[in-house]
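Peer 1: Chains as they are written, first to last, in our numbering: chain P, 1 to 114; chain E, 1001 to 1108.
Bear in mind the hints are in silico, worked out from the structure with no lab data behind them. Remember, predicted model here, so these are calculated numbers, not experimental data. Beta carbons: idealized from backbone N, C-alpha and C, even for Gly. Any given hint might turn out to be false.
Here are the simulated distance ranges between beta carbons [said to hold, decoys possible]:
#1 Gln41(P) <-> Tyr1046(E): 39 to 45 Å
#2 Gly16(P) <-> Ser1009(E): 36 to 42 Å
#3 Arg100(P) <-> Pro1108(E): 35 to 41 Å
#4 Val38(P) <-> Lys1069(E): 27 to 33 Å
#5 Gly16(P) <-> Pro1021(E): 26 to 32 Å
#6 Ser1041(E) <-> Leu83(P): 16 to 22 Å
#7 Arg57(P) <-> Gln1042(E): 23 to 29 Å
#8 Leu82(P) <-> Leu1051(E): 35 to 41 Å
#9 His1077(E) <-> Pro61(P): 41 to 47 Å
#10 Thr1100(E) <-> His10(P): 23 to 29 Å
16 Å max Cα-Cα, derived EDC-like pairs, lysine to aspartate or glutamate [stated by the list, open to error]:
#11 Lys30(P) <-> Glu101(P)
#12 Lys30(P) <-> Glu53(P)
#13 Lys30(P) <-> Asp1094(E)
#14 Lys30(P) <-> Glu75(P)
#15 Lys52(P) <-> Asp1094(E)
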Amino acid sequence: DAGVTQSPTHLIKTRGQHVTLRCSPISGHKSVSWYQQVLGQGPQFIFQYYEKEERGRGNFPDRFSARQFPNYSSELNVNALLLGDSALYLCASSLGGGPRETQYFGPGTRLLVL
Amino acid sequence: DAKTTQPTSMDCAEGRAANLPCNHSTISGNEYVYWYRQIHSQGPQYIIHGLKNNETNEMASLIITEDRKSSTLILPHATLRDTAVYYCIVRVGDQFYFGTGTSLTVIP
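All chains should be modelled from the sequences, with the hints used to inform the complete structure.
Peer 2: Given below as structure tokens:
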């Protein structure tokens, strides 16, 4: 079975631009979470979606938004990019998002903002 | 707002047990402890999780103290491929709170 897939793998943008990152969960998983990992730090929670509804949001500005589609894939959008948005963006999926359910991570999208 | 503290780095001899400690003194009664590892900035890989009781699977064992304020991940026979950053995580509802992790180096 395919794991969590993310696209693109790498991306270079300039300040002020916007970016869309994509994630396909493991087949049968209905919950998708997004994380930002800045170099040298652990991943930080951005959003969780379950059945197309936002279930949780981390401490990120409104420039960050996301959505989940009927096939449970998800997009993360970041507007007005800043240099500090350079990071590895990780997507994780789980069956239903409950407290006992394991999240499985994708390989990430590495974003560089110049 | 990390909810866990871990040593920054540790070394372990190949073939020996690696014991990775974690403090989570503010954990609440219904919050799970998860462990993941990350190799070369790939996506984090799930290892094990637990609530109160000790847990064991094919990868590792998780020992949680009775007061749940700390835990230890045990890799029983470390190999070179176990060199990675290991994250101890407290799950609060739907959110995983990662700390800065422990960089484990397995030495031949």
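Peer 1: Indicate, hint by hint, whether the structure satisfies it.
Peer 2: So, going through the hints one by one against the coordinates:
The supplied range of 39 to 45 Å is broken by glutamine 41(P) and tyrosine 1046(E), whose beta-carbon atoms lie about 20 Å from each other. For the pair glycine 16(P) and serine 1009(E), the supplied restraint of 36 to 42 Å holds, since their beta-carbon distance comes to about 38 Å. The hint said 35 to 41 Å for the Cβ distance between arginine 100(P) and proline 1108(E), and at roughly 38 Å that hint holds. Evaluation of the 27 to 33 Å hint for valine 38(P) and lysine 1069(E) yields a pass: the beta carbon distance comes to about 28 Å.
In this structure the supplied range 26 to 32 Å is violated for glycine 16(P) paired with proline 1021(E), their Cβ-Cβ distance being about 44 Å. Taking 16 to 22 Å as the suggested C-beta distance range, the pair serine 1041(E) and leucine 83(P) conforms, at roughly 19 Å. Separation of arginine 57(P) from glutamine 1042(E) is about 26 Å and conforms to the stated range, judged on CB atoms against 23 to 29 Å. Roughly 39 Å separates the CB atoms of leucine 82(P) and leucine 1051(E), a value that falls within the hinted 35 to 41 Å.
At about 46 Å, the beta-carbon gap between histidine 1077(E) and proline 61(P) stays in the expected band of 41 to 47 Å. Here the CB-CB span from threonine 1100(E) to histidine 10(P) is close to 24 Å, well matched to the stated 23 to 29 Å. About 12 Å separates the Cα atoms of lysine 30(P) and glutamate 101(P), which keeps this hinted pair within 16 Å; it holds. The straight-line distance between the Cα atoms of lysine 30(P) and glutamate 53(P) is roughly 11 Å, inside the 16 Å bound, and the hint therefore holds.
For a cut-off of 16 Å, the pair hint linking lysine 30(P) to aspartate 1094(E) stands: about 13 Å separates their Cα positions. Proximity of lysine 30(P) to glutamate 75(P) is assessed by CA-CA distance (about 14 Å); at most 16 Å being required, the pair is judged to hold. Using a Cα cut-off of 16 Å, the hinted pair lysine 52(P) and aspartate 1094(E) holds, with the two alpha carbons roughly 15 Å apart.
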